[in-house]
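Numbering (the numbering used here), first residue to last: 81 to 400.
Hints should not be assumed to be uniformly reliable.
[Claimed, not checked] Listed next, the in silico DSS-like pairs over lysine-lysine satisfying Cα-Cα at most 30 Å (straight line):
| no. | residue 1 | residue 2 |
| --- | --- | --- |
| 1 | LYS298 | LYS382 |
| 2 | LYS99 | LYS377 |
| 3 | LYS377 | LYS312 |
| 4 | LYS224 | LYS171 |
| 5 | LYS312 | LYS84 |
| 6 | LYS382 | LYS283 |
| 7 | LYS84 | LYS171 |
| 8 | LYS227 | LYS302 |
| 9 | LYS224 | LYS283 |
| 10 | LYS302 | LYS377 |
| 11 | LYS227 | LYS171 |
| 12 | LYS298 | LYS283 |
| 13 | LYS224 | LYS302 |
| 14 | LYS312 | LYS99 |
| 15 | LYS372 | LYS298 |
FYI, nobody ran anything at the bench for these hints, they're computed from the structure.
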Amino acid sequence: MRFKHTFNVFVDNFSVTYKQLLYRLIISVIAGVTLFLGLSPFINTIIPELNKLFESVRGFIMNLLDGNVAGIPAFKDNVESTYNALIELLKDKTSQFILSGLLFLLVYLIANWFAALGNYAAAAVINEKMALRANSPFFVTLIKNLKSACVYSAVYVPLSICYDLIIGVAMFFFIFFLLNSFLPFFLCVFLFATIITFSMAVKMTFASDWLPALVRGKRSYKEAFIYTFSRKNKSTFYVLSNFIVIILIILGLNVAALLCTLGVGLLITIPASYLILICFQLVNYYDREQIKYFVDKNTIIKPEKERAVTREEFFRGEED
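Using the sequences and the hints, build the whole thing.
Spelled out as structure tokens, the structure:
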């Protein structure tokens, strides 16, 4: 039922998608311009090899669309040769590569920090709609919760990036292993996509209660941090399986938007993807904590045994 309620809440709060779109576009434009100005010398160096890789991918996709599978071995050979050429190029430009990497990491860190502020604001807006049917303005909510959002972002973003870096390094060596293995190409792609999906789901599962504990549970930063990594009575495998399904749906929607709308649909599907994940986090928290909530203006979801509000929650203004 949490899966169904998640999409009901998402539809009920779909207008937040446009606020997220505007907010993320501003962040992306500023980050993109900064990276372009800072990385142009290095990018110009590796463009020839990247063009070869893109041409190989384009030719592979066109052959598949034409029903020609005879070019698959040649595509794998092209990818391997391009990969080796890139490695040699990076060895020759080690210092430039390191400086470019540090700049990219810094901009990526700052951009994700601001993006996390937007996620906090979106969670607060959706929470107020679920609890009180209040239509809170996105940017006003962001400013009102700026202090809490900044602390959340300052802790969550570095941890998230460290996890992503570990997975990224592991997948880099895994790609190297696949390229030098005797496994069929499609099996290699399947294994790569499976591991990436599972690693994303694991991160989301263990961080799923962080935002709800702050915006709905009104917990302190320390309490919310401890609570999210405590897995007691949280049906971890159930939550993990739901995240895997949601990630697959999101990937399917974004790929379909890319191919069927020439990328225009990504303007909606990308911010909507973050919104769906936030909705699931809140629904999961509400259901587990046995708190009633709205999925739309006419429907209230009540637990079988509604939890009584404690004295502390009452004086903190958390009564339902």
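Tested hints:
Proximity of LYS298 to LYS382 is assessed by CA-CA distance (about 21 Å); at most 30 Å being required, the pair is judged to hold. Restraint check for LYS99 and LYS377: satisfied, since their Cα atoms lie roughly 21 Å apart, inside the 30 Å limit. A hinted pair counts as satisfied when its Cα atoms are at most 30 Å apart, and LYS377 with LYS312 does not qualify at roughly 33 Å. Using a Cα cut-off of 30 Å, the hinted pair LYS224 and LYS171 is violated, with the two alpha carbons roughly 49 Å apart.
Distance hint between LYS312 and LYS84 is fulfilled; the C-alpha atoms sit about 24 Å from each other, no more than 30 Å. At roughly 29 Å between alpha-carbon atoms, LYS382 and LYS283 fall within 30 Å of each other, so this suggested pair holds. This hinted pair does not check out: LYS84 and LYS171 have alpha carbons roughly 51 Å apart, beyond 30 Å. For the hint linking LYS227 to LYS302, the alpha-carbon distance of about 15 Å falls within 30 Å, and the restraint holds.
The straight-line distance between the Cα atoms of LYS224 and LYS283 is roughly 28 Å, inside the 30 Å bound, and the hint therefore holds. Using a Cα cut-off of 30 Å, the hinted pair LYS302 and LYS377 is violated, with the two alpha carbons roughly 34 Å apart. Proximity of LYS227 to LYS171 is assessed by CA-CA distance (about 44 Å); at most 30 Å being required, the pair is judged violated. With a CA separation close to 23 Å, the supplied pair LYS298 and LYS283 stays within the 30 Å bound.
Taking the CA atoms of LYS224 and LYS302, the gap is near 21 Å; set against the 30 Å cutoff, the hint holds. Taking the CA atoms of LYS312 and LYS99, the gap is near 35 Å; set against the 30 Å cutoff, the hint is violated. Taken as a hint, the LYS372 and LYS298 pair is honoured in the structure, with Cα atoms around 16 Å apart against an allowance of 30 Å.
Going through the hint list in order, the structure does not satisfy hints 3, 4, 7, 10, 11 and 14.
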